[in-house]
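2 protein chains.
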Amino acid sequence: MVEFLVRMNNAITTPNFSLNSLVNAGRMDIACRCISNAIFLSYSIRKNVKIYINLNGPPNPPVTICFDSNNLKNVTPDERNIGSHIRIALKKVKEDMEMKSEPGITVSKKSFEELIKEKSKNNFDLYYLTKNGKDIRNFEFGENSLFILGDHKGIPKKTEIFLEKFVKDKISLGKIEYLASACISIVHYEIDRKKY
Amino acid sequence: MVEFLVRMNNAITTPNFSLNSLVNAGRMDIACRCISNAIFLSYSIRKNVKIYINLNGPPNPPVTICFDSNNLKNVTPDERNIGSHIRIALKKVKEDMEMKSEPGITVSKKSFEELIKEKSKNNFDLYYLTKNGKDIRNFEFGENSLFILGDHKGIPKKTEIFLEKFVKDKISLGKIEYLASACISIVHYEIDRKKY
Numbered sequence: 286m287v288e289f290l291v292r293m294n295n296a297i298t299t300p301n302f303s304l305n306s307l308v309n310a311g312r313m314d315i316a317c318r319c320i321s322n323a324i325f326l327s328y329s330i331r332k333n334v335k336i337y338i339n340l341n342g343p344p345n346p347p348v349t350i351c352f353d354s355n356n357l358k359n360v361t362p363d364e365r366n367i368g369s370h371i372r373i374a375l376k377k378v379k380e381d382m383e384m385k386s387e388p389g390i391t392v393s394k395k396s397f398e399e400l401i402k403e404k405s406k407n408n409f410d411l412y413y414l415t416k417n418g419k420d421i422r423n424f425e426f427g428e429n430s431l432f433i434l435g436d437h438k439g440i441p442k443k444t445e446i447f448l449e450k451f452v453k454d455k456i457s458l459g460k461i462e463y464l465a466s467a468c469i470s471i472v473h474y475e476i477d478r479k480k481y
Numbered sequence: 286m287v288e289f290l291v292r293m294n295n296a297i298t299t300p301n302f303s304l305n306s307l308v309n310a311g312r313m314d315i316a317c318r319c320i321s322n323a324i325f326l327s328y329s330i331r332k333n334v335k336i337y338i339n340l341n342g343p344p345n346p347p348v349t350i351c352f353d354s355n356n357l358k359n360v361t362p363d364e365r366n367i368g369s370h371i372r373i374a375l376k377k378v379k380e381d382m383e384m385k386s387e388p389g390i391t392v393s394k395k396s397f398e399e400l401i402k403e404k405s406k407n408n409f410d411l412y413y414l415t416k417n418g419k420d421i422r423n424f425e426f427g428e429n430s431l432f433i434l435g436d437h438k439g440i441p442k443k444t445e446i447f448l449e450k451f452v453k454d455k456i457s458l459g460k461i462e463y464l465a466s467a468c469i470s471i472v473h474y475e476i477d478r479k480k481y
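Just so you know, the protein sequences line up as chains H and Y, in that order.
As numbered in our numbering, residues 286 to 481 make up the first sequence, in order.
As numbered in our numbering, residues 286 to 481 make up the second sequence, in order.
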């Protein structure tokens, strides 16, 4: 599995947002583009990819939504479609229980920190994408890798300190700071180039 | 300059489309994501990038819209915002005349072939992105490069034959066929990695 975890600082945690204004739902547009780039290829859906979107905006944070590429149905690469699936997931949130929202989409009240601990226990190699990391081209990634990244506001300092205990390494894509969604395309690309 | 030209097979050439359904405007969502990935970085807009979107859908093809990163204003990376600027441009189309639509955005009735000939005359190195091309990692790109790519339906065979006379080389990003928008992110990334 190649997995991604995007920590969204302000993305809202209610389904009461308009698909006509994803930007004003705490930059839900960023979450949608990240999901699109994690999942889709030109004519197909990637196999064995999961992306977790961790929402920390009002009114009821945290919420974590997972898209699992192996089971998705009726999801298309455009922001509006993906936003509609996020909205459906946000209608199904329950305390203390992971809920299946639609095929391949689950939602829970898991915090960023809980998810990191869980993945770490489940033998995932955790990599934090940051400009101060080591060059991605120097890495060989194992069977189960989780790539952690922030939204346009980045990962808060105290969360970075928390992460240090769990991540195998910090990884950089070079000198340029790309859109979160582009980072995901580039990580896939670098892994593809090593594999094929 | 790094420039991109995306040939859209069916993207419509009237402003009478809904921002709520970019997909049904001949996959205008793809055009929007390509523009977003060509232009935007995490906290800023790239310098010296142009992207041409060549629309060949009904009712009045061809139309070519250009976004010039050095002059853009009020454009944000989300599909809906970019779609709204495409719609404004489509309201300004005139026969036989390139029109300024908004700062950094121009629109004309130029065909794909006309644009290719013009760029070729203006000393651009033209590269066609295709799975059968040579590995992008073997290239050093000059001052002025134009990267040509198709939408989800690809470039028609006869257009490929036309291109052969003008392109400096065919370029591949490896074995995987990525979304057009992801191809743009990857081309930028490969150029960045050589430069910085």
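These are computed hints drawn from the structure, not numbers from a lab.
Do not rely on the hints blindly, as some may be mistaken.
One copy or two, it doesn't matter: identical chains are merged, so the pair holds either way.
Straight-line alpha carbon distances no greater than 30 Å define the calculated DSBU-like cross-link-like pairs of lysine-lysine that follow [unchecked claim]:
{"id": "1", "residue 1": "460", "residue 2": "480"}
{"id": "2", "residue 1": "394", "residue 2": "442"}
{"id": "3", "residue 1": "377", "residue 2": "460"}
{"id": "4", "residue 1": "416", "residue 2": "335"}
{"id": "5", "residue 1": "438", "residue 2": "406"}
{"id": "6", "residue 1": "379", "residue 2": "455"}
{"id": "7", "residue 1": "419", "residue 2": "479"}
{"id": "8", "residue 1": "358", "residue 2": "416"}
{"id": "9", "residue 1": "358", "residue 2": "443"}
{"id": "10", "residue 1": "376", "residue 2": "416"}
{"id": "11", "residue 1": "376", "residue 2": "450"}
{"id": "12", "residue 1": "358", "residue 2": "460"}
{"id": "13", "residue 1": "480", "residue 2": "443"}
{"id": "14", "residue 1": "450", "residue 2": "377"}
{"id": "15", "residue 1": "479", "residue 2": "455"}
{"id": "16", "residue 1": "419", "residue 2": "332"}
{"id": "17", "residue 1": "332", "residue 2": "480"}
{"id": "18", "residue 1": "419", "residue 2": "376"}
{"id": "19", "residue 1": "438", "residue 2": "480"}
{"id": "20", "residue 1": "443", "residue 2": "332"}
{"id": "21", "residue 1": "385", "residue 2": "406"}
{"id": "22", "residue 1": "442", "residue 2": "416"}
{"id": "23", "residue 1": "443", "residue 2": "479"}
{"id": "24", "residue 1": "442", "residue 2": "460"}
{"id": "25", "residue 1": "335", "residue 2": "460"}
{"id": "26", "residue 1": "419", "residue 2": "377"}
Exercise for review: Tell me, please, which holds for residue 419 and residue 479 at an alpha-carbon limit of 30 Å: within, between, both or neither?
Suggested key: both (17 Å within a copy, 17 Å between copies)
Check your understanding: Can you tell me if residue 416 and residue 335 fall within 30 Å by alpha carbon in one copy, between copies, both or neither?
Key -> both (23 Å within a copy, 26 Å between copies)
Review point. Between copies, within a copy, both or neither: which fits residue 480 and residue 443 at Cα up to 30 Å?
Key: neither (35 Å within a copy, 33 Å between copies)
Review point. Given identical chains, is residue 394 near residue 442, meaning Cα to Cα at most 30 Å, within a copy, between copies, both, or neither?
Key: within (22 Å within a copy, 51 Å between copies)
Exercise for review: Could you figure out if residue 358 and residue 443 sit no more than 30 Å apart (CA to CA) within one copy, between two copies, both or neither?
Suggested key: neither (37 Å within a copy, 35 Å between copies)
Review point. Is it within, between, both, or neither for residue 442 and residue 460, if the alpha carbons may be no more than 30 Å apart?
Key: Within one copy only: 20 Å inside, 39 Å across.
Exercise for review: Please work out whether the CA atoms of residue 443 and residue 332 approach to 30 Å or closer within one copy, between two copies, in both situations, or in neither?
Suggested key: neither (34 Å within a copy, 33 Å between copies)
Exercise for review: Please work out whether the CA atoms of residue 479 and residue 455 approach to 30 Å or closer within one copy, between two copies, in both situations, or in neither?
Suggested key: Result: close both inside a copy and across copies, 19 Å intra and 22 Å inter.
Check your understanding: Is it within, between, both, or neither for residue 385 and residue 406, if the alpha carbons may be no more than 30 Å apart?
Key -> Classified as within: same-chain Cα gap 22 Å, cross-chain 57 Å, threshold 30 Å.
**Study point:** residue 438 and residue 480: within-copy, between-copy, both or neither at 30 Å Cα
**Key:** So residue 438 and residue 480 pass the 30 Å test across copies only (26 Å; inside, 32 Å).
Check your understanding: Is the C-alpha distance from residue 419 to residue 377 at most 30 Å within one copy, between copies, in both cases, or in neither?
Key -> For residue 419 and residue 377, the Cα distance exceeds 30 Å both inside one copy (39 Å) and across copies (48 Å).
**Study point:** Identical-chain pair category, residue 443 with residue 479, by Cα at 30 Å
**Key:** neither (34 Å within a copy, 34 Å between copies)
Of the numbered hints given earlier, the model fails hints 3, 6, 9, 10, 11, 13, 14, 18, 20, 23 and 26; all others are met.
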